[in-house]
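Whenever a hint applies, use it, and build me the whole structure from the sequences.
Going left to right, the sequence shown walks through residues 1 to 219 as the working numbering numbers them.
If you are wondering where the hints come from, they were derived from the structure by calculation, not from laboratory data.
Possibly wrong hints are sitting among the right ones.
[Unchecked claim] Restraint-style ranges between C-beta atoms, simulated for each label pair:
1. 45 to 69: 25 to 31 Å
2. 175 to 100: 28 to 34 Å
3. 54 to 103: 24 to 30 Å
4. 185 to 66: 18 to 24 Å
5. 217 to 54: 32 to 38 Å
6. 213 to 66: 33 to 39 Å
7. 104 to 147: 18 to 24 Å
8. 197 to 100: 34 to 40 Å
Ideal placement from N, C-alpha and C gives every residue a C-beta, glycine not left out.
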Amino acid sequence: MRKSIILAFVCVLLQSCNSQTKNKIEEKTNKMESKSTMVQPFDLASLTLNEDINDILSSVKLSKTDTIKINNLTLMGNEKLVFDSEKLLTFNKIKLANKNSKGTNNVIFYYGKIDDEIGQLNNEKNNIVGMYQVNLYAAKESEELFNSLKLKFNKPSDIFNLGPINTYLWIRNNIYYYYFTKDNDEFYRVLFVFKKGDKEWIDFIGSLGFDSGRIKLVK
1 MRKSIILAFV CVLLQSCNSQ TKNKIEEKTN KMESKSTMVQ PFDLASLTLN EDINDILSSV
61 KLSKTDTIKI NNLTLMGNEK LVFDSEKLLT FNKIKLANKN SKGTNNVIFY YGKIDDEIGQ
121 LNNEKNNIVG MYQVNLYAAK ESEELFNSLK LKFNKPSDIF NLGPINTYLW IRNNIYYYYF
181 TKDNDEFYRV LFVFKKGDKE WIDFIGSLGF DSGRIKLVK
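Printed below as a string of structure tokens:
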């Protein structure tokens, strides 16, 4: 009986060690992949969504402690960090940092956080950015970003108009660029960027109230 208990304990210990070793190897591999895709100076438009969040932050001399707090939900299997630093708020060389009475322009990075017990849920990888979200409250930067998207990607794959709400979707190099605009007294614009294959983000964007199901219909 005692030998059986010891054997069972050894098996559990080996499984735990193997799991930790596997996670360390995966994180090391992900980090090696991310370093090869980092471009300087930092520009959101250059991200391939294979980058490690730690490499992104270290490239602009920031850390996770520099995040600002906002009450947004996070897709299960991921965590988020929010920044209003001008070091991270550049898209296609357009400077997006600004603030007004409506709010402060910011960027949210959603990155993988795999639970050791639950395991991988979708396509997330530890610390690898799966999506970023740019929130804009200032009209000047919002319009500059919109014009930049049109120049960079030309005709959108989908356009939707309903009252003050307009949405535009571009698909380039298997990446979705989804731009939501609300141009009335509650002026607010948002850019979501995520991989075409990571369709769980589509449902997440819908749960935040930015899509009624149209993105799923776009081929």
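(Q) Assuming the hint says 25 to 31 Å, is it satisfied by the Cβ distance from residue 45 to residue 69 or not? (A) About 26 Å separates the Cβ atoms of residue 45 and residue 69, which means 25 to 31 Å holds.
Q | residue 175 versus residue 100 beta-carbon gap, inside 28 to 34 Å or not | A | holds, 30 Å
Q. Can the suggested window of 18 to 24 Å be confirmed for the beta-carbon pair residue 185 and residue 66?
A. violated, 32 Å
(Q) The hint says 18 to 24 Å between residue 104 and residue 147; measuring C-beta to C-beta, is that right? (A) With Cβ atoms ~22 Å apart, the hint holds.
Q | Range hint 32 to 38 Å (beta carbons of residue 217 and residue 54) holds or violated | A | holds, 36 Å
**Q.** Outcome of range test on Cβ distance (residue 197, residue 100; 34 to 40 Å)
**A.** holds, 37 Å
Q. Measuring from beta carbon to beta carbon, are residue 213 and residue 66 in 33 to 39 Å?
A. Roughly 36 Å apart at Cβ, these two residues keep to the hinted range, so it holds.
Q) Is the distance from the Cβ of residue 54 to the Cβ of residue 103 consistent with 24 to 30 Å? A) holds, 27 Å
Going down the numbered hints, you'll see the structure goes against just number 4.
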